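Chemist: Once you have looked at the hints, place chain S on chain B.
What follows is the residue order along each chain.
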Amino acid sequence: MLNDENACIRYLMKEMDPSEEVLMERAMMEDDDLLIEVECLRQTFQRLDNLPDKEPPAHLTESIISQAAEYKENQRSYLSLVPENSFKYAVAASVVIALTLGGFWVMDNGNATVNEDQNRSASVASDASQFPIISNSFEVTPVKAGEAKPWIDRNDVIRFEDQYNQANAEFDTILNNSMQKLTPITEPFTGSAGSRSLQMTGAGSNN
Amino acid sequence: MKFTKSKHISSKYEQLDDKDLVRFYRQNGDEQAFSELMNRHQSKVYSYIYSMIGSADTADDIFQETFTKVITKMDDTYNEQGKWIAWVMRIAHNATIDHIRKQKRFVDVSSNYDKDSNTDFYDRLEDEDLVGAQEQLEKDEAKSSLMKHIAELPEEQRQVVMLRHYYEMPFKEIAELTDVSINTALGRMRYALINLRKLFDKEKEESTKYAK
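Protein sequences, first through last, are from chains B and S. Per this note's numbering, residue 1 is the first one in the first sequence, and the count goes up by one each step. Per this note's numbering, residue 208 is the first one in the second sequence, and the count goes up by one each step.
Bound conformation, chain B alone (with noise of 0.2 Å):
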């Protein structure tokens, strides 16, 4: 513990911590050269309270002082021009907007949800009343290759995709084609959920 060469400046110090100076101080009464050498660095060390603390001029703490009084004062009439409690406003204005904004979206959202359930339901009503409704969520059946593959949204909207090559094509052809990809499901996947729907798939159709 007191091998490093700077156990003699560490007791001096005083960095030491007291288990340690007692250590030290056994060391130094076993060894007379630690104890020589302790006591020149300690001689030494005395000396330097003859080092002069020096004034700065009195003009210059002055003006220091005056300084920080002039800053201080500066900092304060900055302060009064803000309002006393605009922190408090801004904050308040911040909520009020992002709460604002928020009820947007969650508005808008929700027409849009509203809107895209008003189309399907038209979209299907008239097929609907031909098919029973069950009460399950939209299951899709696996597909085989190359036939239409439907899937549905997170809005239980059923969508299908097929190619449209604008050269050789009519949209209007192909659309109605697509849909007649879709027919019913003859044995529809029956689970708890409660609300309406109607499961339809493209696998098996003619076209």
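Check the hints yourself; a few may be wrong.
No more than 25 Å apart at the CA atoms, straight line, and that leaves these computed lysine-lysine pairs for PhoX-like [what the hints assert, rightly or not]:
(1) S:K350 to S:K409
(2) B:K54 to S:K276
(3) B:K54 to S:K355
Here are some chain S residues the structure puts well away from chain B; computed CB gaps all over 10 Å [what the hints assert, rightly or not]:
(4) T275
(5) R371
(6) E412
In short, the hints are calculated from the structure, not lab data. Note that this is a predicted model, so its numbers are computed, not measured. All residues carry an ideal CB built from backbone N, CA and C; glycine is no exception.
Modeler: Leaving out everything else, chain S in the frame of chain B:
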């Protein structure tokens, strides 16, 4: 020669510790609180800068620069958990080292001659109230010899000696301030004392020679 203390500072401020004074100044812009802080520490801050630079005018500039930073940064960067003077000292130390690096010249106060003010170093030391000419002379000689030898120390060793002497800074803080390990800081102190001892011995030998 403390600066016009009684004139400016109410005695109640003398009872307060640095932390409270700093808080008064920060919160209320209390000028007297700041004055009391200055009164307590200006001498040590200035002495440190001066002992590292060795020129009164430059020391004045660095002292001013240090306290300008203290005033403008106290609200933002001073953390009240730490000692205020340690924070000030860090600024003073950095400003001093920056200056020395910029100048890239070896600071030598041992020349006993200040180019800026055209005065001898000990002409600028504070006049102690007449203790007797002989005693004063001896004191001055001791100081002179001490300052001369300290100026001969390598800069790193001188820094550690001054930080320890003027601020009684723990070596952990000295190490942080000078960006070295505690062991290195302790080692520098040890070598500084060993070197000083050698210089004093050499001086003693020479004066004995002359006496003969």
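Chemist: Taking the hints in turn, state whether each one holds.
Modeler: Hints and how they fare:
1. For the proposed pair K350 (chain S) and K409 (chain S), the alpha carbon gap of about 17 Å is at most 25 Å, so the pair holds.
2. Between the alpha carbons of K54 (chain B) and K276 (chain S) the distance comes to roughly 21 Å, so the proposed pair stays at or under 25 Å and holds.
3. Restraint check for K54 (chain B) and K355 (chain S): the C-alpha separation of about 16 Å stays at or below 25 Å, so the hint holds.
4. Not every beta carbon of chain B lies more than 10 Å from that of T275 (chain S), the smallest distance being close to 7 Å; the non-interface claim is violated.
5. The beta carbon of R371 (chain S) is not kept farther than 10 Å from every beta carbon of chain B, the shortest such distance being approximately 7 Å.
6. No Cβ of chain B comes within 10 Å of the Cβ of E412 (chain S); the nearest lies about 16 Å off, and the non-interface call holds.
This entry does not satisfy hints 4 and 5, going by the numbered hints stated previously.
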